[in-house]
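We have chain A already, so just place chain B on it with the hints.
Protein chains: 2
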Amino acid sequence: MKKYAGYLIDLDGTVYNGTERIDAAVQFVKELNRLQLPYLFLTNNSTKHPKDVAKKLMEMDIQATEEQVFTTSMATAQYVKEHYPNKRIYPIGEEGLHKAIASADLTVAETDIDVVVMGLDREITYEKLAIGALAIRNGATFIATNGDVALPSERGFLPGTGSIISVLSVTTGVEPKFIGKPEAIIVEQALAVLGTKKEDTLMIGDNYDTDILAGINAGIDALLVLTGVTTKEDLTAIDVKPTYTIDSLTEWKL
Amino acid sequence: MKKYAGYLIDLDGTVYNGTERIDAAVQFVKELNRLQLPYLFLTNNSTKHPKDVAKKLMEMDIQATEEQVFTTSMATAQYVKEHYPNKRIYPIGEEGLHKAIASADLTVAETDIDVVVMGLDREITYEKLAIGALAIRNGATFIATNGDVALPSERGFLPGTGSIISVLSVTTGVEPKFIGKPEAIIVEQALAVLGTKKEDTLMIGDNYDTDILAGINAGIDALLVLTGVTTKEDLTAIDVKPTYTIDSLTEWKL
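Residue numbers (the working numbering), protein chains in the order written: chain A, 190 to 443; chain B, 190 to 443.
In isolation and in its complexed conformation, chain A is listed as follows:
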């Protein structure tokens, strides 16, 4: 095993499962801290503010400050700021997206919209979708925080961001630009925050289709841990394997 200087770590399925922490991950993060290795939690959850994510982690005894959480809403706001400066943004989403847009000093508007930015919105209304659809038909750019079609919950799999945004893509015929995992964009932005080089950074996650592909797409090494979505059997059908695959983070020597 190679020694890495920085770590990007997925949340659900990697450090906890729903409301239950994964003990091997708790120990792993403690060890990162002991060795003073920098890390960032990388999540496709667009609805939460990093402060709330950090609070949940701390309650599970997983060391995390607000600054150590990087959400797809933050990546999206940053991307919009870089590529569409001084444009009029119409965000459809929850607190996590709205706060990220506000923190990036972007101009929010409901008329003469240049960019429609959409994440998961469990307060979705037909009127929000109508405003978004009309803007995209009028030429506005369409950007989505992530494409996950299902949202794990105690009730089962609920509609995820990728299914809600399909209202806009299906009605307009315009596919959005995706920012979150498995896109390289969120990883590249996270690397800029973390401050480590591509070749010295490891992406750790439980989901091949999001976490591992994000690492592969961004050109960094990726470690699949079999504590969540992807199983050993799933991997047999996959051509581009993760750099490493382990059953539990206890197996990883820092």
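Be aware that a few hints might be false.
It does not matter which identical chain is used: a pair holds within one copy or between any two.
Claimed, not checked - Here are the simulated lysine-lysine pairs, DSS-like style, with alpha carbons at most 30 angstroms apart: (1) K317 with K288; (2) K366 with K317; (3) K192 with K219; (4) K317 with K192; (5) K442 with K317; (6) K421 with K276; (7) K317 with K430.
Calculated from the structure, these hints are not laboratory results.
Computed from a predicted structure; not experimentally measured.
Relative to chain A, chain B alone:
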């Protein structure tokens, strides 16, 4: 031109455009009445009750009783009643769908759902989508009133039924059974109401992709009138032509 014993007539683009009646269609319907030829207005609008549709038509001087309007919600309720008797139905839609389900004496339920029936719902909420998605994942049948992705309005094209239902199809991976035009189902049910034979009935509409294909799929003759969506240019790229194509209903001799 062949003489037909019964007529199925589309609404928007065929007898009116938005709030403006099409004079040639008004005269055409008057002539149908003078000759006592039976007709039925056939609409993919799942939100309205037939009484309200008839009222709108009468205000435009287009002769229509409640019984002469057949909506995709009525076709859907009838289809569910025939194929899923005594099952528990979860309808997502507006008044037109809810009243049609109630009129068909179907059992509406929010738990232990056997069939999810979805139409356009401009009061859509995440919770309705969540209930529908969980039910379909648990094996419930998924039926949709129609697949139109855009809804014409004075503001422009708003999200249509087909785009809203994509939330459920994308998140579950299950495609719904469609009932409205261009499916044959709605035409066959309308024929049963109208009481004329397939070979003696003409489908009239302005939209090749819905009205004309519905006629073709059901095996009845179809008349395209160029007062709405489909243009003469569109037709050049189409293999299976409408039985007839005319610029205006004044050209049609009953």
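Okay, the hints, checked on the actual structure:
no., hint, verdict
1, K317 with K288, "both (18 angstroms within a copy, 27 angstroms between copies)"
2, K366 with K317, "both (19 angstroms within a copy, 27 angstroms between copies)"
3, K192 with K219, "within (17 angstroms within a copy, 84 angstroms between copies)"
4, K317 with K192, "neither (47 angstroms within a copy, 49 angstroms between copies)"
5, K442 with K317, "neither (48 angstroms within a copy, 47 angstroms between copies)"
6, K421 with K276, "neither (46 angstroms within a copy, 40 angstroms between copies)"
7, K317 with K430, "neither (40 angstroms within a copy, 39 angstroms between copies)"
The structure fails hints 4, 5, 6, 7 (numbered hints given earlier, in ascending order).
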